[in-house]
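Kindly produce the complete structure, drawing on both the sequences and the hints.
Chain by chain, the residues:
Number of protein chains: 2
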Amino acid sequence: MALVLLPLAQGFEEVEAVSLIDVLRRGGVEVRIAHMDGDTDTDMVLGANGITIQADTSIANVMSEEFDMILLPGGWEGTYTLADNETVQRLLKEFKQKEKVIGSICAAAYALKKADVLGTEYTCYPAAADEIDHPGYREDKAVVTDGNIMTSRGPGTALCFGLEIVKRLVGVESYTAVKEGMLLDFCE
Amino acid sequence: MALVLLPLAQGFEEVEAVSLIDVLRRGGVEVRIAHMDGDTDTDMVLGANGITIQADTSIANVMSEEFDMILLPGGWEGTYTLADNETVQRLLKEFKQKEKVIGSICAAAYALKKADVLGTEYTCYPAAADEIDHPGYREDKAVVTDGNIMTSRGPGTALCFGLEIVKRLVGVESYTAVKEGMLLDFCE
Numbered sequence: 001m002a003l004v005l006l007p008l009a010q011g012f013e014e015v016e017a018v019s020l021i022d023v024l025r026r027g028g029v030e031v032r033i034a035h036m037d038g039d040t041d042t043d044m045v046l047g048a049n050g051i052t053i054q055a056d057t058s059i060a061n062v063m064s065e066e067f068d069m070i071l072l073p074g075g076w077e078g079t080y081t082l083a084d085n086e087t088v089q090r091l092l093k094e095f096k097q098k099e100k101v102i103g104s105i106c107a108a109a110y111a112l113k114k115a116d117v118l119g120t121e122y123t124c125y126p127a128a129a130d131e132i133d134h135p136g137y138r139e140d141k142a143v144v145t146d147g148n149i150m151t152s153r154g155p156g157t158a159l160c161f162g163l164e165i166v167k168r169l170v171g172v173e174s175y176t177a178v179k180e181g182m183l184l185d186f187c188e
Numbered sequence: 189m190a191l192v193l194l195p196l197a198q199g200f201e202e203v204e205a206v207s208l209i210d211v212l213r214r215g216g217v218e219v220r221i222a223h224m225d226g227d228t229d230t231d232m233v234l235g236a237n238g239i240t241i242q243a244d245t246s247i248a249n250v251m252s253e254e255f256d257m258i259l260l261p262g263g264w265e266g267t268y269t270l271a272d273n274e275t276v277q278r279l280l281k282e283f284k285q286k287e288k289v290i291g292s293i294c295a296a297a298y299a300l301k302k303a304d305v306l307g308t309e310y311t312c313y314p315a316a317a318d319e320i321d322h323p324g325y326r327e328d329k330a331v332v333t334d335g336n337i338m339t340s341r342g343p344g345t346a347l348c349f350g351l352e353i354v355k356r357l358v359g360v361e362s363y364t365a366v367k368e369g370m371l372l373d374f375c376e
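Protein chains in written order, with my numbering: chain A, 1 to 188; chain B, 189 to 376.
One thing to keep in mind: the hints can contain errors.
Simulated DEER-style distance windows between Cβ atoms [said to hold, decoys possible]:
#: 1; chain 1: B; residue 1: D244; chain 2: A; residue 2: P135; range: 40 to 48 Å
#: 2; chain 1: A; residue 1: D185; chain 2: B; residue 2: D225; range: 36 to 44 Å
#: 3; chain 1: A; residue 1: S58; chain 2: B; residue 2: D244; range: 21 to 29 Å
#: 4; chain 1: B; residue 1: D225; chain 2: A; residue 2: S64; range: 17 to 25 Å
#: 5; chain 1: A; residue 1: A127; chain 2: B; residue 2: N249; range: 35 to 43 Å
#: 6; chain 1: A; residue 1: L3; chain 2: B; residue 2: Q285; range: 48 to 56 Å
#: 7; chain 1: B; residue 1: G369; chain 2: A; residue 2: D140; range: 14 to 22 Å
#: 8; chain 1: B; residue 1: D334; chain 2: A; residue 2: Q97; range: 55 to 63 Å
#: 9; chain 1: B; residue 1: E376; chain 2: A; residue 2: E173; range: 24 to 32 Å
#: 10; chain 1: B; residue 1: T308; chain 2: A; residue 2: D68; range: 17 to 25 Å
#: 11; chain 1: A; residue 1: E66; chain 2: B; residue 2: T245; range: 45 to 53 Å
Since the hints were derived computationally from the structure, they do not count as laboratory data.
Beta carbons: idealized from backbone N, C-alpha and C, even for Gly.
Structure below.
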């Protein structure tokens, strides 16, 4: 079973994180939610809209060998933490070096840029493109796949992004089953 | 500020609950998440896909007078609990009697049916319509508004359902701002 690491920092965008976790798990992908090291006293992570979600482990316990993909949800506060966190930045570089899949949605492409793992084509939340300041921004696509780098735009594209990840990590049959089961006919 | 009660029972569908809470809060609605009475030792509620969310209060502390709307997320296990829970069933009847707004998505229309608050027209998760067994099922609409009863179909319609609730409780300007900010151009 494919295994995805989803780092969750305070201020994450809740629809993005939960849509990705839900779609992936329905599609047969194991998702491990990791809170930031330093938050040693709690596994609870507060989102940008006041929703608190429980993490499965600390990012400090993560070994990249175990995982097939690292996937970052957006939200600016969470994104800045993911961009500043040494463990997350080291993991992003390791995932790239080991040719594993790397994904981000919304502002979180900023943390990929910081780790120097963005490729030649990507997308992100429209208002975040200036701050990410990287060539190859595509404003015309909900999901951009550029080799091992998969990116998406924001809350409204999170479910469809999850589906594309399921298609890649599991297969088209699982993609179709989850798409029908969750009523995602608006996803291309 | 409009105040919405969102009862959360174990086995709730996470995309539905989180999409509704996130959209409503962005739209300027206060949302209070209530866990079931009986779960006295914890405010943590486990969803159908293994995501655990923290509630704000116990349903035992809720007084209907405070609220403008009660809104039930789906997921079959959670729905059966909402349908069997005496406090939730009493609150649904009180909200109807006081002409407050009542909403459900996915299977949760079953809990509305049990409380005898469904009207002449509603929608729900397609596969749930037989078990809900109530006349007026509309399979052609993502959101059905029938007086004070608002219903929607499933995970893929939750964001658009949230927008419709924002339009009703706050207004069209807020609806438009949230729709644009969350990239929800696929919502009608």
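Checked hints:
At about 44 Å, the beta-carbon gap between B:D244 and A:P135 stays in the expected band of 40 to 48 Å. At roughly 38 Å, the beta-carbon separation of A:D185 and B:D225 lies within the given 36 to 44 Å, and the hint holds. A:S58 and B:D244 have their C-beta atoms about 26 Å apart, which keeps the hinted 21 to 29 Å range intact. Range check, B:D225 to A:S64: Cβ separation about 44 Å, and the 17 to 25 Å hint is violated.
For the pair A:A127 and B:N249, the beta carbons lie near 39 Å from each other, so the given range of 35 to 43 Å is met. At roughly 50 Å, the beta carbons of A:L3 and B:Q285 sit within the given window of 48 to 56 Å. Under the hint 14 to 22 Å, the C-beta atoms of B:G369 and A:D140, about 19 Å apart, fit the expected range. A C-beta distance of roughly 57 Å is found between B:D334 and A:Q97, which places it inside the suggested range of 55 to 63 Å.
In this structure, B:E376 and A:E173 meet the distance hint of 24 to 32 Å, their C-beta atoms being roughly 30 Å apart. Between B:T308 and A:D68, the C-beta spacing of about 50 Å breaks the proposed range 17 to 25 Å. A:E66 and B:T245 have their C-beta atoms about 38 Å apart, which leaves the hinted 45 to 53 Å range violated.
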